[in-house]
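Please take these sequences and the hints and turn them into a complete structure.
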Amino acid sequence: MKDRLTLQQKKDIGKIFKEYLRGSKNGNRKIKRIASKSNRDNAFLNAYKLFSRSKIDAFKVAEIYGYRVCPYCNINYTYVVSKGKSHVCRPDFDHFVTKTDCPKKALNVLNLVPCCQQCNSRIKLQKHFSLRTHIHPHYDDFDACFEFDYGKKRGGTLSISNVIVKLNPLKELDRTNQFISDMELEARYQHHKDVVMAIIDRARRYPISSANFVKIYSKLFAKKDLIDLIYPELSCCMKNDSLGKLKKDIAKKVYKIMKTGGAL
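For the sequence shown, the numbering used here gives the first residue as 13, with consecutive numbering after it.
Calculated directly from the structure, the hints in this document are not laboratory data. Just so it is clear, the structure is predicted and the values come from calculations on it, not from any experiment. Where is the CB? At the ideal position from N, CA and C, for every residue including glycine. Keep in mind that a hint or two might mislead.
Claimed, not checked - Once the Cα atoms are required to be at most 30 Å apart in a straight line, the calculated DSSO-like pairs of lysine-lysine come out as:
1. 117 <-> 14
2. 30 <-> 116
3. 30 <-> 72
4. 164 <-> 268
5. 22 <-> 165
6. 205 <-> 235
7. 111 <-> 22
8. 268 <-> 251
9. 49 <-> 139
10. 116 <-> 22
11. 27 <-> 49
12. 95 <-> 72
As the list claims (entries may be wrong) - So the derived label-pair ranges between C-beta atoms look like this:
13. 273 <-> 183: 29 to 35 Å
14. 16 <-> 194: 19 to 25 Å
15. 183 <-> 48: 42 to 48 Å
16. 194 <-> 234: 43 to 49 Å
17. 224 <-> 194: 47 to 53 Å
Right, dumping it as structure tokens:
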């Protein structure tokens, strides 16, 4: 399976990791020369511990990975903030395959995932993840693996009290379903129903298929500009925008319904 990191990213991050794995930062022998497996495993874990405590290197690595929003949940921002020599905040580093399951991957470029604290230390914790069982942000295009949808709890009009947020797997179904379940994504996204309803309510107020609406506003705006004004979420990006995928997926569905004269 081909990863999605650039060659330069892997080279730059790997260079930093190698300094810890070779012992140049802690005075230990090269880990691969340690005969005992248990001692070797401990050396890998200690190398990661030293790396994570080093503000300069940990912040630099987080910047190189370049995730502005948590790649697991797309809810919380994970940007790196520094002020001169002062390091303010950075994302957590999750081990996709846990350090317990595979200590030698404690400082592996493709196993470390910059993510939010909620995903790392509140939800994923020591759950057993692998490329065989779960989608991975370094390997899989999450935007293509699932899509957001909405529905109603019961009959009646869509409203904040009646709407539910859904996640529909599109590919790698078993791995995607397991990831959605283990990361509690569906439950977490119920707290963002207001975002869904904001898109729906705006579409109701400005029905682009209405002849009267088009007659009035087509004199003021080009069609593309009008669509951009009513559905700005269509330009959202999962990589850069918090809730970007939710906003874009819902906006695409609502726009498709409204442009054909459908009702919400």
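Q. Can you name, in rising order, the numbers of the hints this structure does not satisfy?
A. Of the numbered hints, just 5 does not hold.
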